Each structure stands twice: as C-alpha cells, then as structure tokens.
Amino acid sequence: MRKAGKSGKKLRYIWASGALALTAVLSACGGGGSASSDGSVTLNFLHWRGEDVKALEPIIDKFEQANPKIKVEMQTLPSDQYQSTAQAKLSDGSVGDVFASFPGAQFDALAKAGVFTDLTGATWLKSFNADLIAAGQQEGKQLAVPYQLVYNDPIYNVKLFEKYGLTPPKDWEGFLALCQKLKDNGIIPIAFAGADIGPGQFMNTMVMNNEPSEDIFEKVEAGEAKLTDDWWIKTLTQIKELNDKGYFQPDALGTKDAAAGALFIQEKAGMLASGSYQLAQNAAQNPDLQQALLAPITVSASEAKYEGVHTSTFMLAVNSKSKHPEEAKKFLEYLSQPDVAGEYANATGQNVTVDGVSYTSPELKVAQDWTSKKTLFQPRFTIKNGDNQKAVTNSIQAVLGGASPEEAAQEAQAVIDQHLSK
Amino acid sequence: MRAMKHKRALWLFLLPGTLLYLFLFAYPTLSGLFYSFTDWDGVSDSYRMVGLDNYKDSFDSLVFRKTLLNNVKFMLSVVIVQTIVSLVLAILLSRNTRTRVFLRALYFLPAILSSVSVGLIWSFVYDPTIGMLNLGLRGAGLDSLAQNWMGDRHIALYAIAAVQVWAHAGQMMIVFIAGLQSIPGELYESARIDGGNRWQLFRHITWPLLAPASAIVIAYTTIQSFKAFDLIFVMTDGGPNNATEILSTYIYHTAFGNYQFGLASAGSMIFLIVLAVLTYLQFKALRTDRAA
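Protein sequence lines correspond, in order, to chains A and B.
When we follow the numbering used here, the leftmost residue of the first sequence carries the number 246, and every step to the right adds one.
When we follow the numbering used here, the leftmost residue of the second sequence carries the number 24, and every step to the right adds one.
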C-alpha cells in the first residue's frame with residue numbers, strides 16, 4: 246500500500262478545508278426558514294413588491310411582538326427577476342416559507358409543480374371577499390390568497406368631465422360621443438400606452454361585454470372558440486375605431502406607460518387607459534387631480550353585463566416545502582385581519598381583498614366604491630400560456646399599426662393554433 | 024524527472040481556470056443541451072424526454088421564424104452602420120491632438136453607460152409625443168421626418184439598431200484607431216511620392232492593413248448585436264407585435280413568461296450554433312484576407 250507523503254497529506258488537508266469552506270458558504274447562502282435551539286423559527290417571506298417593504302416592516306414587527314417565537318425575514322426581488330428566478334428557488338424550498346405569486350401563468354406553473362400548500366378550510370379565509378380570492382383556487386382548492394385588489398378600468402379626470410358636462414356613458418355610442426366632445430375641446434380623450442401596458446389593460450374592459458364570459462380565453466386556448474370569431478373582431482374593430490378617430494394621442498403605439506401617464510397627470514388627456522393601481526401615483530404627482538374610474542361599455546346599455554374589470558393579485562401562499570407551515574399560516578392569518586390589511590392598504594395606496602377595511606385616502610376610496618359593482622376578473626389573466634397572451638395583445642398592436650382587425654385576429658389565432666396542435 | 028514535475032505544475036496552474044470553465048460554461052451548456060430534449064417547465068421536479076420536438080416546434084413557430092429574421096436584419100444594420108461610422112470616426116480622430124483626444128473620449132462615453140440606462144434614455148428621446156427627437160424635428164420645420172419610432176413595426180427595429188450604434192461606435196472607433204496608429208507612416212510617404220491620392224492611400228494601404236482590426240470589430244459587433252437583449256428588453260420588450268423580438272428576448276420570454284424551459288433551451292442551442300457558425304466564417308474570412 247502506498248503511503249501518502251508530506252505533500253499528499255497537505256493536499257488532502259487543503260481539499261478538506263476547501264470542502265468545509267464551500268459547505269459553510271453554501272449553508273450561509275440558503276435562505277429558507279430555519280429553527281434555532283430555543284425553539285424560535287425564522288420564516289422567509291419572498292415577494293416582488295420592493296415598494297411595499299416600508300409598509301410591511303412595521304406590520305412584521307407587530308406580528309413578531311405578538312408571536313415572539315416567530316421571526317419573519319422579508320426578501321424581495323424585482324418583478325422581472327421574480328418571474329425568472331423565484332420559481333426555481335421556491336420549488337426547491339430554499340426560500341419563501343411564505344411567498345407571493347402572480348395570477349395566470351406563474352400561478353399555474355407553481356401549482357403544477359406542487360409548490361402551494363392547500364389552505365382550503367382555514368377559518369381566517371372568511372376575512373376575505375370570497376369572490377375576490379377565487380383567482381387563487383384550482384380544482385376546488387384554495388392554493389393562494391390574492392391580497393391586493395386592482396380595478397383595471399380607465400381612470401378619468403373628474404374636473405375635466407364636469408367642465409364639459411360629461412358623465413360616464415352607458416353604451417358605446419355614448420362613449421364615442423364623450424371622446425368626440427373631449428377632442429373638440431382640445432383634450433386628448435384617452436392617453437394610451439400602446440408600447441407597453443396599454444393593450445394588456447385596455448383589452449379587458451373592451452372585451453368584457455363583447456363576450457361576457459368568465460372563461461372565453463380558456464375556451465380559445467382549448468380550441469372551443471377562436472380569436473377570429475365575431476367578439477374579438479368586434480373588439481379589435483372598436484379599438485381601431487378609437488385610434489382612427491384620433492381618440493388616442495397621436496402615435497399611441499409608440500407611447501410608453503410613463504409618457505401616457507404624464508399626459509393624464511398634466512391634464513392634457515381626459516382618460517388614462519390603465520387601472521386603479523395608478524391612482525395614488527397620479528395624485529402624488531398632481532395633488533389637484535380628481536380621479537375616478539370608468540369602463541367603456543362597448544355594447545348597448547341593455548346588453549351590458551359587466552360594469553368593469555378587477556384583478557386580485559399579489560397572491561400570498563405557503564410553500565409546500567416549508568419546514569414551518571403552521572407558523573407560515575399564522576403569518577397569513579395575521580395579514581388577513583382587517584386592521585392589519587387596512588394598515589397595509591393605506592401605507593401602500595393599494596386596495597386589498599380583505600373585507601371591512603377602512604381606507605383613508607380618496608384614491609383608495611375611489612376603488613372601494615367599485616366593490617359593489619358587477620366586475621369581471623381580468624380576462625387577460627385567464628390566458629394561461631404566455632405566448633397566447635402575447636398573441637392577443639399583439640393583435641391590438643397590429644390594428645393600431647394599420648392591420649385590419651381580420652388580419653390581426655388571424656395572425657394571433659395562428660399562434661394559438663400552433664399551441665393547440667402540440 | 025524535473026521536466027515531469029514542471030509539467031505537473033503547469034497542469035496545476037491550468038486546473039482552477041479549467042474547473043471554472045467546466046462549472047460555469049461547459050456544465051450549463053451541456054445542461055441546456057439536455058433540457059432542450061425535454062418538456063421541462065422550469066419549476067416541476069419531473070419532465071419527459073421529447074426528442075427533437077422542441078427543435079421542430081421552434082422552426083414551425085411563426086414567432087421564432089420572425090425572430091430569426093429580425094435578428095439577421097438587426098445584425099446586418101448594426102454591423103454595416105457601426106463599422107462604417109466607427110471607421111470614419113477613427114480616420115478623422117486618429118492623430119493625437121488635444122481636440123481629437125477630447126472628441127475620442129466624448130464618443131467613447133456611451134460605451135461606459137449601462138445598456139438599461141441607454142435604453143431608458145432613448146425611450147424618452149423616441150417618445151412620439153414628448154420625445155426630444157420628434158419635438159426637435161418639428162421645431163426645425165421637419166415635421167415629415169418625425170416618426171413613431173418605437174411604435175411603427177417597419178421602423179422600430181432600425182431605431183433600436185441606431186441606439187446600439189450610438190452606444191458602441193465609440194468603442195469600436197478605439198479599436199480602429201489602435202489599428203491605424205500601428206500602420207507605419209513611411210508607407211503613406213512613399214505612396215504619396217509615387218503620386219497616390221487620398222482614396223488610393225486608403226484603398227491600398229489603410230484598408231488592407233486594418234484587416235485584423237476590422238475582423239475584430241465585425242466579429243465583436245456581430246456577437247454584440249445578437250446579444251442586444253437588455254436594450255430591446257427595456258425599449259420595446261420585443262414589440263410592437265414581435266417587430267423587435269430577437270433570439271435572446273425570445274428565449275427569455277419562452278423560458279420565464281411561458282415556462283417552457285425545454286423549448287427555450289432548444290432556442291438557446293440554435294442561438295449558440297448560429298453564433299458559432301458566424302464566428303467561424305468571420306475568422307475564416309480573416310485568415311483568407313491575411314493569406315491574400
């Protein structure tokens with residue numbers, strides 16, 4: 246047997262030290278929940294809303310005071326990075342005892358991977374508006390709890406409307422007349438961010454009554470309906486009509502979110518095709534602005550089924566790989582209390598899905614008024630495949646770029662057909 | 024014996040670099056190749072082997088084919104324009120005077136900005152309503168030249184290519200200046216004595232002797248134009264209607280928007296092959312030039 250010489254021993258020592266150092270580094274990198282010898286537990290709370298950190302910190306402090314053996318370590322990633330890297334980390338359980346998910350494609354992918362703990366039957370779920378948290382359900386199980394509530398309906402300038410004697414119209418003819426009146430008075434009727442968020446936001450209210458169905462896009466993805474059907478052709482035709490008549494600002498397709506927002510904030514535009522999430526930001530930049538929400542009704546008043554569109558998002562969940570699921574559920578239960586949810590809402594300027602919350606700012610009250618209206622869950626988020634979702638919004642960009650509604654719809658349907666054929 | 028020890032020591036010196044290469048490049052590349060034969064969604068623990076389906080689906084996809092075409096258009100625009108602009112700048116600024124050194128620094132400046140900052144700045148410059156470019160053109164009475172730079176599907180890709188050239192022409196100018204300054208001045212003197220005019224001097228001395236620098240510029244610009252992910256991601260995210268989608272943004276959207284990691288891996292492999300072939304052809308052309 247060959248003996249290791251002095252240098253051989255030294256080399257083994259170096260390897261062993263290196264391996265230990267690597268192990269130490271890797272353990273330090275692990276961000277998942279941990280337990281210490283005194284029985285206290287640290288939960289990792291992973292989400293993408295860096296702008297909410299200041300609002301959540303005092304809430305977490307109070308939770309920790311009420312539950313001395315549970316510490317919550319908040320970790321945020323920018324939303325793009327959250328889309329790209331969070332799911333891998335969540336699926337191996339290294340982070341996110343409690344985590345947030347986007348509705349739509351990410352929720353579906355995580356559900357398929359079994360990352361969600363089933364929360365069905367938890368008593369604290371009763372604190373939420375049952376309709377608004379339905380987006381976190383799959384096959385009858387409550388996998389996540391949408392915490393934020395957004396109304397994806399255009400915002401309008403109340404003072405400008407009053408100045409020109411305008412009120413939210415009840416039908417399509419009324420909407421066109423309203424736009425024309427604003428245009429005649431030198432006001433851009435609708436500030437439209439055609440280059441980024443505009444098509445994805447505006448399509449929702451435009452389609453909600455043309456095909457008043459909760460699952461029309463699910464049918465499209467299943468091959469049971471087509472984008473070349475009348476309801477989508479009509480939607481594209483109406484969007485084209487708005488553009489052709491000059492009711493969007495010139496070259497709307499090249500305008501980004503910030504620039505469209507600026508037109509509305511500077512009161513050059515009467516409406517902004519975005520949603521309630523934008524209200525607080527607009528008010529911060531122009532405190533004189535009086536805002537309300539208005540959804541274009543694309544049919545006659547008698548045919549209209551929905552008054553607007555809502556999205557419940559920032560879907561909170563407990564990781565099925567968490568070592569501390571009970572503590573994680575306790576944290577969600579704490580967030581579901583109306584006073585805690587109210588503190589979060591008022592500090593962030595975002596409405597929540599929890600019932601009985603008292604909002605303090607006028608912008609939050611604007612959206613609160615909409616809870617009594619008949620709204621549809623954002624149709625765009627019912628499109629599960631990202632490629633299909635992009636094909637749908639691309640068809641809007643295509644008509645704004647000059648294509649006919651029929652051509653644009655056919656092009657989008659071709660993408661969907663490709664996915665259907667797989 | 025001593026020679027053997029020396030050889031072993033050399034291998035040891037190579038080891039850290041080799042390990043890093045294997046861990047950071049070879050392993051991810053081979054993983055990507057493996058996943059390109061699966062239907063993995065990037066999240067689930069399980070996946071199925073699907074053979075060459077992802078490659079077939081890629082080439083069957085209308086969006087992928089459009090993306091490939093966009094990439095070729097983008098690459099050709101950037102390579103041709105950037106090479107010409109940087110060469111012209113280099114010729115004008117190759118002599119070391121104070122003004123020229125200052126101008127070189129000025130033209131190089133965009134290269135030190137992050138692509139995300141460049142993208143954001145130019146998004147505002149190109150904005151059709153409040154953008155500096157259209158306001159400037161209209162102010163100068165050139166209304167007909169004001170365009171919907173980012174919204175017109177026929178223009179958007181070239182508008183981004185112009186930004187890419189703006190950001191990197193100064194960098195390539197420096198490579199050309201280094202090439203120009205290495206050309207012996209005696210060659211020009213003797214050519215002038217023989218009666219050569221400026222064009223003949225450029226055609227028969229400058230251009231042939233700049234071949235190595237040109238090859239570097241063209242190869243680098245080609246690869247750079249294929250990888251212009253951040254600029255496109257910030258400025259248009261591939262829109263409008265996929266008019267600016269290139270391979271790198273397509274791969275990102277497929278993997279992280281659609282959760283189709285298998286398909287995205289196949290796209291990455293195609294991307295790798297395209298780049299490898301282009302680089303091989305360019306270096307082959309360089310060797311041919313040298314031989315000539």
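Note that these hints are calculated values from the structure, not bench results.
Hints are supplied without guarantee of correctness; some may be wrong.
Said to hold, decoys possible - Capping the alpha-carbon separation at 25 Å, the derived lysine-lysine pairs in DSS-like fashion look like this:
{"no.": "1", "chain 1": "B", "residue 1": "K307", "chain 2": "B", "residue 2": "K96"}
{"no.": "2", "chain 1": "B", "residue 1": "K96", "chain 2": "A", "residue 2": "K629"}
{"no.": "3", "chain 1": "A", "residue 1": "K471", "chain 2": "A", "residue 2": "K316"}
{"no.": "4", "chain 1": "A", "residue 1": "K314", "chain 2": "A", "residue 2": "K479"}
{"no.": "5", "chain 1": "A", "residue 1": "K471", "chain 2": "B", "residue 2": "K89"}
{"no.": "6", "chain 1": "A", "residue 1": "K610", "chain 2": "A", "residue 2": "K629"}
{"no.": "7", "chain 1": "A", "residue 1": "K316", "chain 2": "A", "residue 2": "K415"}
{"no.": "8", "chain 1": "B", "residue 1": "K307", "chain 2": "A", "residue 2": "K629"}
{"no.": "9", "chain 1": "A", "residue 1": "K316", "chain 2": "A", "residue 2": "K566"}
Claimed, not checked - Covered stretches of chain B (in silico footprint by chain A; criterion: 3 or more residues with CB under 8 Å from a CB of chain A, positions within the stretch not fixed):
{"no.": "10", "segment": "80–94"}
{"no.": "11", "segment": "98–108"}
Unchecked claim - Label pairs and their calculated CB-CB ranges:
{"no.": "12", "chain 1": "B", "residue 1": "L295", "chain 2": "A", "residue 2": "D489", "range": "42 to 52 Å"}
{"no.": "13", "chain 1": "B", "residue 1": "M155", "chain 2": "A", "residue 2": "P323", "range": "26 to 36 Å"}
{"no.": "14", "chain 1": "A", "residue 1": "D662", "chain 2": "B", "residue 2": "F57", "range": "27 to 37 Å"}
Nothing here was measured: the structure is a model prediction, and the numbers come from that model.
For glycine and all other residues, C-beta sits at the position ideal for the given N, C-alpha and C.
Results for each hint:
The suggested pairing of B:K307 with B:K96 holds, with an alpha-carbon distance near 22 Å, which does not exceed 25 Å. Between B:K96 and A:K629, the direct Cα distance comes to roughly 32 Å. Violation of the 25 Å bound is thereby established for this hinted pair. A hinted pair counts as satisfied when its Cα atoms are at most 25 Å apart, and A:K471 with A:K316 does not qualify at roughly 50 Å. As the CA atoms of A:K314 and A:K479 are separated by approximately 58 Å, the hinted pair breaks the 25 Å bound.
Only pairs whose Cα atoms come within 25 Å are accepted, and A:K471 paired with B:K89 is accepted, the gap being roughly 23 Å. For a cut-off of 25 Å, the pair hint linking A:K610 to A:K629 is broken: about 32 Å separates their Cα positions. For the given pair, A:K316 sits about 51 Å from A:K415 by alpha-carbon distance, which is inconsistent with the 25 Å threshold. Using a Cα cut-off of 25 Å, the hinted pair B:K307 and A:K629 is violated, with the two alpha carbons roughly 46 Å apart.
Proposed proximity of A:K316 and A:K566 is supported: the alpha carbons are some 18 Å apart, at most 25 Å. Given a C-beta distance limit of less than 8 Å, the hint that chain A covers the segment 80–94 of chain B holds, as 5 residues qualify and 3 suffice. For the segment 98–108 of chain B, the stated coverage by chain A is violated: 0 residues have a C-beta nearer than 8 Å to a C-beta of that chain, whereas at least 3 were required. Taking the beta carbon of each, B:L295 and A:D489 are about 45 Å apart, inside 42 to 52 Å as hinted.
Look at B:M155 against A:P323: about 28 Å separates their beta carbons, and that is inside 26 to 36 Å. Checked against the given bound of 27 to 37 Å, the beta carbons of A:D662 and B:F57, roughly 30 Å apart, stay inside it.
In this structure, the earlier hints numbered 2, 3, 4, 6, 7, 8, 11 are contradicted, and the remaining ones agree with it.
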